[in-house]
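K.L.:
One letter stands for each residue in the lines below.
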Amino acid sequence: MPSKLASLIEQHESELLDEWLEHQKRALGSAAQRISDGQMRTASQRLLGALRMTLQAHGPEAAAKDPALLQVLDAVSHERVAQGFSPSETAVFVFSLKEALYDRLQKEFGNDAAAFSKETWDVTRLLDNMGLYTFETYQKSRDDIIRRQQQELLELSTPVMELWDGILALPLIGTLDSGRTQIVMQNLLDAVVAKNADLAIIDITGVPTVDTLVAQHLLKTVSAARLMGTDCIISGIRPQIAQTIIHLGVELQGVVTKASLSGAFAYALEHRKMSIVKNSGIAT
Amino acid sequence: MPPSIISETVKNQAVKLNAASDVVMIRQAVRALAVEIGMNLVDQTKIITAASELARNAVIHGGGGDATLEIVRDAANRLGLRLSFEDRGPGIADIQRAMTDGYTTGTGLGLGLGGARRLSSEFHIQSAPEQGTKVTILKWKG
Ligand SMILES: Nc1ncnc2c1ncn2[C@@H]1O[C@H](COP(=O)(O)OP(=O)(O)OP(=O)(O)O)[C@@H](O)[C@H]1O
Ligand SMILES: [Mg+2]
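Heads up: the sequence lines are chains S and W, in that order.
The opening residue of the first sequence carries number 747 in my numbering; numbering runs sequentially from there.
The opening residue of the second sequence carries number 23 in my numbering; numbering runs sequentially from there.
Worth double-checking, as some hints may not be accurate.
List of simulated lysine to any residue pairs, SDA-like, C-alpha gap at most 20 angstroms [said to hold, decoys possible]:
| hint | chain 1 | residue 1 | chain 2 | residue 2 |
| --- | --- | --- | --- | --- |
| 1 | S | Lys844 | S | Asp812 |
| 2 | S | Lys886 | S | Ser832 |
| 3 | S | Lys886 | W | Gly132 |
| 4 | W | Lys163 | S | Ser832 |
| 5 | S | Lys853 | S | Leu763 |
| 6 | S | Lys966 | W | Gly132 |
| 7 | S | Lys966 | W | Gly130 |
If you anchor each label on the Cβ, the simulated ranges turn out as follows [as the list claims (entries may be wrong)]:
| hint | chain 1 | residue 1 | chain 2 | residue 2 | range |
| --- | --- | --- | --- | --- | --- |
| 8 | W | Arg100 | S | Val1001 | 50 to 56 angstroms |
| 9 | S | Ile892 | W | Arg100 | 40 to 46 angstroms |
| 10 | S | Gln885 | W | Gln148 | 54 to 60 angstroms |
| 11 | W | Glu30 | S | Arg1018 | 44 to 50 angstroms |
| 12 | W | Pro151 | S | Ser832 | 47 to 53 angstroms |
| 13 | S | Gly920 | W | Asn62 | 20 to 26 angstroms |
Covered stretches of chain S (chain W as the covering partner; in silico rule of three or more C-beta atoms under 8 angstroms from a C-beta of chain W) [to be verified]:
| hint | region |
| --- | --- |
| 14 | 951 to 959 |
| 15 | 982 to 989 |
| 16 | 994 to 1006 |
These aren't lab readings, by the way, just hints derived from the structure by calculation.
Cβ coordinates follow ideal geometry from the N, Cα and C atoms, glycine included.
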């Protein structure tokens, strides 16, 4: 049996589109300003077209699973996330079509109660499923963005600096999880090669908790640097961290540790048989 | 040492332990409670670190579980933190061996359990194969 809904959409496609756009704008309020009328119309037109074709091909039962339709919903969700719409504002896109379709059904089948209730039921179920799907996709797109930002932040927050000829400093801030260690280690080893460094100071002043996992990651980083001929100093070991490390039973054997970055730098210079002297006041 | 007599739970908070990111949450939650009762910085750091170890064990070895964080008071009006970490994972067959420094069935240093015990005032572990694991620690203020 050909879908009544499909023919309804086909016969009134352009009026439906206008009515739907009206509903969307009303529901979105000032948020509607985030996209242009043209963008909104294009997205809506695409979905309505896809919905009609799906209904013609599969009927209302299977429509919500049709990949062609889902693809359009995916595209809309991604777009709305990027444009800064909230989840409910994104769902409005689909749910407002329900209202537009109700109005149409009312006009078409208003005096045939059985047909009206059947079609209304189909529309409700179909659009609810489409709305849910859009909502889930929105969530996934947002999670992807958050993950990507975290990744970017990781790289941003692990700089390697050259303090002096061949002396590197690596200030760590935050937690040192496995992913971060990988990046820290890579950055350090790259810098060791690029700067031909023989000493690296890893400063953990900004690492609030040093547990066994962090300790293990620090030791791994130190060993990797050592294999490349670079000695490491770990600085920023505050008294409370020192006590905790001892209770944990972690042995930082063979690693020079210092309370502060300046202490580590002084040690590094000494190691090089260099010192910083106060200028005696003679103008140069 | 017999377990302390706790006369009152002043505050009680439950936290889910499902992923590595929950271990970060636990550290922050424990820090907030330690600050709330005015624990000194050294004890704060110790209890946070112990919590981090036990939470990670529950996630990694226990396949996830629940933590309960409490502010408690004893009869002498002393405040402390009691933290418990419970999972329904494979459990531990030989607890004594698991507590041994350097023993690990994973890729860690094998210092988490022993370290958590040394960092706390009191430590209690309950575990059996297929029965999951529950570790409770307590640290008094000052
Ligand atoms: N909640 C748990 N459920 C099951 N087994 C556990 C649990 N906690 C600890 N274990 C077992 O006890 C062993 C020792 O734990 P411990 O925390 O001391 O070391 P680890 O986790 O292996 O390494 P790390 O030094 O990073 O903590 C673990 O390797 C594991 O086999
Ligand atoms: Mg552990």
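K.L.:
So, for every hint listed, does it hold in this structure?
P.N.:
Hints, verified against the model:
1. Lys844/S with Asp812/S: holds (19 angstroms)
2. Lys886/S with Ser832/S: holds (13 angstroms)
3. Lys886/S with Gly132/W: violated (37 angstroms)
4. Lys163/W with Ser832/S: Judged against 20 angstroms, a Cα distance of about 45 angstroms means the pair is violated.
5. Lys853/S with Leu763/S: Since the Cα atoms of lysine 853/S and leucine 763/S sit roughly 16 angstroms apart, the hinted pair holds (cutoff 20 angstroms).
6. Lys966/S with Gly132/W: With Cα atoms ~15 angstroms apart, lysine 966/S and glycine 132/W stay inside 20 angstroms; holds.
7. Lys966/S with Gly130/W: holds (12 angstroms)
8. Arg100/W with Val1001/S: 50 to 56 angstroms: violated (38 angstroms)
9. Ile892/S with Arg100/W: 40 to 46 angstroms: holds (42 angstroms)
10. Gln885/S with Gln148/W: 54 to 60 angstroms: violated (38 angstroms)
11. Glu30/W with Arg1018/S: 44 to 50 angstroms: violated (59 angstroms)
12. Pro151/W with Ser832/S: 47 to 53 angstroms: Since the Cβ atoms of proline 151/W and serine 832/S sit about 48 angstroms apart, the hinted range of 47 to 53 angstroms holds.
13. Gly920/S with Asn62/W: 20 to 26 angstroms: holds (24 angstroms)
14. 951 to 959: Since 6 is at least three, the answer is holds.
15. 982 to 989: holds (count 4)
16. 994 to 1006: n = 3 at 8 angstroms, threshold three: holds.
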